[in-house]
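Visitor: The C-terminal position of the sequence shown is numbered 443 in numbering that gives the first Met the number 0, with every residue numbered one higher than the one before it.
Check each hint, because a few of them may be wrong.
Listed next, with one range per pair, are the computed distances between beta-carbon atoms [claimed, not checked]:
| hint | residue 1 | residue 2 | range |
| --- | --- | --- | --- |
| 1 | Ala328 | His422 | 21 to 31 angstroms |
| 2 | Asp413 | Thr354 | 22 to 32 angstroms |
| 3 | Pro335 | Pro166 | 39 to 49 angstroms |
| 4 | Glu353 | Gln156 | 49 to 59 angstroms |
In short, the hints are calculated from the structure, not lab data.
We treat Cβ as the ideally placed atom computed from N, Cα and C, and that holds for glycine.
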Amino acid sequence: MTSSRNDIPSLMQKWENQTAIPFLRKYVDPDIKSLPEVSDKLSLTENGRGNDEGADDLDFSQFLAQTTPIFPKYSFAGLLFELSSSEFECHFFVLSVIEALELLDITNIPILITVYFEQWQRHSPVLHPSLLDPNTISFPLLLSVILVGAFYSSDEQGVATARMLIPVAEEWVFSSRIFTKQRSSPRVTRKQNSLSFADNLSDLEALQAAFIMIKILLREGDTKKANEIRTTMFDQIIPAARALSLTHVKSPIKNFDILPLDDCKWRKLCLAETQIRLMCGIFNHEASFTVFNNTTPRLLVSELEFDMPCSVHVFDARNHQECSTFILAEARPNLPSPASLIELYLSDQWDDCETVIVPELTILHHFLIVLGLLQKWTMRNVLQDVLSFNRMQTALDRWKIGWDLCTGPLAPEDVERIGFVKHAAIELWYLARKTVDEAATTKS
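Hey, can you work out the whole structure from these sequences and the hints?
Guide: In structure tokens, the structure reads:
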């Protein structure tokens, strides 16, 4: 993407290319949905800039159209333009407005969203294409998706611009209502049904945006940022997930009365399965912190009472007819929750599980199970869990039998659709096996 200043409104040339993050937090509410709301919010302040000394007057009329929902030409430009005009003295960073305009241009955004789903979705399926409408989703979630798309694009300038936008995106994402409330009242757990569906959806999008942003920061950040993610950020993410009741999400896929699906039922199914996969992703990170950093878990296996995620084929279905076909073809039994299933692996009541449940488990299920087992083993002394070497070794043997049964018949194209867990699951098993065997040898 190349451009010259002549392509940008001349008014923009007056301002230095610097952005103040506090200004973003003050004037742009991360929970707003469309540009008219942004414009209304700005109009409530004096000259669109509040009472802060040193902020320059600016006519936003050419950037924020009152009648067009989101993404008129230079919609994001208006926001960045207002930011670049401020003269706050704290927390500045250099940002090229021209390059940001190109990355966030109306013609470029659909391309970056497509790249996100083509390149990243299989590794971290916390969104569903049918539910992602650029005209209605929150700005923080959209910006997170755009940044991932930019990092996976072939445009070097786009990648460089995305890196410059990371501090803005991070600050914006974690300024969403669900996180600010957690910070101000960390002991208060809000029940999901106490808010409207729209409010819950807005909070869910904020959590999705935060999870995607963490993936970006882990990729682009340093050791200090990784430590911040492990501590500060997950201290906010886990309570937010509980507040949204993601630990208990139930999927309508268990109810065969919903078949055949219509478009509305399909979207409800997609929403539930997206929430389940988001909760799986949050637990996977938290359990990994426990295993690899020896930290006390903030989210325990026993809390995972959500339904097991559906198969990749069902989740990736392009419409309700295709989804119905896959559900009927699979006819999977009602699987226990992750918490119950992991306990079954450690129990003596296994015979029925081996013949009824294990053959229906997917690669994602196996990944979740082995990571849960590894978390329980790592924290057995801290949590005073009576977990013997024999029980753990037996559970790992059972897991390996199921893994071989699951992965043996997979076609190469099916394996490719699964993402990184196809490698990570078996590697975690080897780690668990070696750790348990060495501990047993040392004790003997």
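Visitor: All the hints need checking, so say for each whether the structure fits it.
Guide: Structure-based check of each hint:
1. Ala328 - His422: 21 to 31 angstroms: holds, 27 angstroms
2. Asp413 - Thr354: 22 to 32 angstroms: For Thr354 against Asp413, whose Cβ atoms are near 24 angstroms apart, the range 22 to 32 angstroms holds.
3. Pro335 - Pro166: 39 to 49 angstroms: Holds, since Pro335 and Pro166 (Cβ atoms, about 43 angstroms apart) stay within the stated range.
4. Glu353 - Gln156: 49 to 59 angstroms: 55 angstroms Cβ-Cβ, so the 49 to 59 angstroms window holds.
In the structure shown, no violation is registered for any of the earlier numbered hints.
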